[in-house]
Amino acid sequence: MSLLEVTGLKKTYKTRFGGNSVEALKNVNFTVEKGEYVAIMGESGSGKTTLLNILAALDKATSGTVVLDGMDLGKIKDSKMAMFRRDNMGYVFQDFNLLDTFTLEDNIYLPLVLAGKKHEEMKDRLEKIAGPLGITDLLKKYPYEVSGGQKQRAAVARALITSPRIILADEPTGALDSKSSDELLDLFSKVNKMGQTILMVTHSTKAASHASRVMFIKDGVIFHQIYKGDSTDTQMYQKISDTLTLLAQGGDLK
Amino acid sequence: MNTGLYPRIAYEGIKKNGRLYIPYFITCILMVAVFYITHFLGFSGILKDVPGGGTASGMLGLGAYIMAIFGTIFLFYTQSTLIKGRKKEFGLYSVLGMNKKNLGKIIFYETVMTWIVSLAGGLVAGIGLSKLAELGFTKMIAAPVNYDFRIYPGSVLMTILVYTGIFFLIWLNTIRQIKFSTPIELVQSEKAGEKPPRSNWFVGILGLVVLGAGYFIAIKIKQPLSALLWFFVAVILVIIGTYLILIAGSVIFCRLLQKNKKFYYKTEHFVSVSSMAYRMKRNGAGLASICILLTMILVMISSTSALFNNSEECLTARYPNEIGAFACKYGYDESLVDLSSRMDSLLKASAEEHGAEITDNKTYYVYSISGYLDNDNLQISLNSMSEMAFIDYDKVAQIQFLDMDLYNRVFGHDVQVAPGEAYVGTSSDIEIGDTITVGELTFDITGRFDELVDEIDPAAKIAVSPTVYIIVNDLEEVATHFTSYVDYDGSPMLAWFWYCRFDTGLEPEGQTALADTLSELMDKELAPLDFTNYYCDSHEAQRSDFVSTFGGLLFLGILLSLIFTVCCVLIIYYKQISEGFEDKSRFGIMQKVGMTRKDIKKSINSQMLTVFLIPIVFACVHLAVVLPIVHKLLMLFGLFDVPLLIKTACLCAAVCLLFYGTVYKITSNAYYKIVS
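If you're matching them up, the sequences are chains A and B in order.
Taking numbering that gives the first Met the number 0, the leading residue of the first sequence gets 0, the next gets one more, and so forth.
Taking numbering that gives the first Met the number 0, the leading residue of the second sequence gets 0, the next gets one more, and so forth.
Simulated from the structure, these hints should not be mistaken for lab results.
Treat the hints loosely; a few may be bogus.
To be verified - From the structure, some residues in chain A lie toward chain B, with a derived Cβ separation under 7 Å:
#, residue
1, 98
2, 110
3, 237
4, 240
Keep in mind it's a predicted model, so treat the numbers as computed, not measured.
All C-beta atoms in this analysis are idealised placements derived from N, C-alpha and C, irrespective of residue type, glycine included.
Could you put together the complete structure from these sequences and hints?
Here is the structure:
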């Protein structure tokens with residue numbers, strides 16, 4: 000059984016007074032295996048953020064099912080949703096979403112504190128991940144005192160600390176300069192090698208080229224996907240940009 | 000550009016931000032109304048005819064300007080939160096091509112609209128409420144009710160002037176905020192992270208020291224007269240201390256809580272403690288204001304209602320008998336002894352006229368002189384008073400000499416003192432050695448009997464300065480020693496006091512009539528003799544006077560408390576609303592990270608409870624500490640019932656807590672609605 004199974008997912012937005020409706024997702028089907036590193040690519044308005052929000056249970060699908068490790072997201076009660084998200088998913092946002100009232104350390108602890116964990120346990124968990132993420136020296140600082148890249152690494156630590164089944168990342172490099180982007184992508188690869196499943200939404204070819212599989216979404220459907228296989232990042236980059244060119248020219252890959 | 004554009008943009012801006020602007024308008028209206036009412040009561044002279052009204056209107060006149068300063072600070076505070084939420088909008092306008100001048104115009108129209116609404120609403124509310132206040136006041140003191148609407152133009156004019164000034168300042172301040180930022184800074188101002196405050200130990204400790212000094216004064220003061228002087232010093236110290244402690248100390252406190260890992264890393268404390276630490280610096284001032292207002296409310300209500308409840312006891316203490324008369328003349332005069340027996344015959348004449356049977360008659364005279372207690376063994380130097388630049392009122396005392404034979408005859412005792420010896424009683428606990436020196440006369444003390452104060456003059460206990468009674472062998476002989484002492488203006492310091500009190504067995508009307516007759520007779524007898532002061536009162540006639548004085552004070556206390564309460568509620572509400580908007584995105588993030596609605600509610604409750612308990616706890620501590628000094632002050636009005644004062648204070652605190660809790664509940668709901 001796959002870790003994540005998405006079947007017949009559909010999302011229709013209605014304008015406020017019920018007039019026109021827009022189909023953001025038409026019929027999305029895919030699965031993600033445990034330990035995979037999947038990137039979803041698409042242009043603005045292609046529905047990729049909508050997809051991610053539904054996967055993260057931040058939004059509800061019009062129809063279709065999302066099953067994470069045997070649990071149907073649609074069947075989880077609203078009141079339990081936040082708890083489910085906290086225990087099973089780690090979310091990395093484009094704009095970090097760190098709380099400026101907390102130090103980086105406390106920001107990272109937040110999901111654990113919400114889960115009612117003991118301080119000693121939180122500390123142990125943080126020590127394990129702080130080294131690889133290179134944030135050990137930054138823990139006592141406040142978000143306004145560190146750079147964007149450092150903030151994003153703290154955000155990754157916050158996503159990782161609950162040992163989630165899957166990490167969902169929404170344009171994680173979107174607000175970073177190229178050096179910080181590279182560092183973050185290397186970090187994702189490293190985390191993935193340790194066995195962490197990652198699903199990332201991006202429109203950066205470079206970001207996607209790190210993934211083991213890239214899915215292309217266009218007009219609300221999964222249009223195409225390519226596997227990295229044994230190719231290097233550079234070869235993958237080439238493959239992706241070829242596909243994007245074809246997509247842009249309106250080519251039909253089916 | 001179309002000239003109607005700016006007013007329209009301003010109007011739309013206010014309309015769209017109604018949730019923030021409506022409380023702001025209400026605040027402004029109430030501030031204006033409060034200013035008008037206090038100014039009206041203080042300056043229009045409607046309190047002139049009320050007993051004690053002179054003092055009250057003086058205090059209210061001062062209060063009006065304190066309210067104006069308070070209002071300015073408060074409106075600045077609320078306005079800056081308002082404008083913070085609108086900077087993005089202004090940024091957008093400037094990106095779209097408006098320059099600073101155009102923005103200034105929009106802000107100008109907005110301020111003008113606020114100004115019109117506030118002044119119009121505030122004056123209407125103020126005039127309406129002032130009539131209500133006046134009606135309540137006259138009812139309380141049982142004066143004739145007058146249903147005419149009274150508008151005092153001076154107050155209206157002053158209100159308009161003061162608030163136009165305040166709104167002008169607010170406008171300038173807003174312009175300043177917009178002027179020094181680029182369009183992009185304005186657009187992003189909402190996202191700009193704020194530096195979390197560091198704990199400032201120096202200010203925190205300074206606050207403790209200042210508050211401690213204020214407390215020390217409040218506890219230390221023993222005498223009512225010095226209480227009056229030091230009370231204001233104590234109040235100012237306590238206010239400054241409260242502000243410093245809540246601004247710096249609260250940050251330190253939160254940081255300490257954060258250091259306690261077991262406490263801090265709990266779901267219900269984690270978010271609330273950190274966000275409190277983060278915003279305490281800014282909100283400390285708000286909390287301190289709430290705390291000061293609460294303290295003022297508590298002190299005012301508990302002291303005035305204690306006075307009101309105590310008026311009967313106070314009356315009995317001052318007028319233990321049905322009729323009391325008193326006369327006073329400065330200087331020594333041998334003929335005064337004869338006068339005393341003539342007064343006795345006046346008394347008998349008036350009693351006969353009204354068919355009264357005189358019982359419990361206490362008629363006697365003393366020679367009195369004021370002195371300065373130099374040291375513990377009660378040296379009294381008579382010259383020093385006028386020479387001293389600063390008078391320590393704790394050391395001022397009144398000495399009253401009584402004749403041994405007279406005392407024994409009137410009060411039925413058998414006290415024997417030889418010449419050069421004295422029998423002493425004091426109205427408060429003054430330490431006295433074996434001898435007592437008054438001027439150049441020294442007496443050996445052969446006996447001390449403080450209860451004699453109750454016999455001679457029960458009112459001495461509630462007098463502002465202590466009285467020392469000295470019973471001597473020959474009063475006339477002693478009095479001649481003091482004839483040469485004069486005051487700084489040349490008038491003699493020695494005074495002859497004649498006291499007379501008795502029961503009549505008559506109905507209240509008869510008592511009053513008898514007092515009037517005696518009064519007239521005294522007038523005929525004493526006026527030609529150059530008497531400074533004489534009067535005759537009946538217990539009954541005094542009762543209505545007492546009730547109206549204390550009732551009036553209580554009413555003023557209630558009125559001012561209501562006004563302060565409204566201010567307090569508004570500050571709390573405003574704080575909640577503005578913080579709610581600030582916290583909205585924060586709780587959004589937390590929900591994404593996995594915080595449930597239940598967690599949010601819990602965290603909000605924990606935060607609110609702490610933040611809201613701080614002012615009330617501080618206020619109650621303040622109240623407890625200032626109670627002794629308040630008691631000393633109330634002694635000037637004749638209250639000396641300590642248990643009553645404590646009981647009233649506790650009751651007031653309980654009522655206040657209940658009310659405060661309700662406000663807390665309502666505002667926390669408003670806050671919760673915003674963040675979720």
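Status of the hints after comparison with the structure:
{"no.": "1", "hint": "98", "result": "6 Å, holds"}
{"no.": "2", "hint": "110", "result": "5 Å, holds"}
{"no.": "3", "hint": "237", "result": "36 Å, violated"}
{"no.": "4", "hint": "240", "result": "32 Å, violated"}
The structure fails hints 3 and 4 (numbered hints given earlier, in ascending order).
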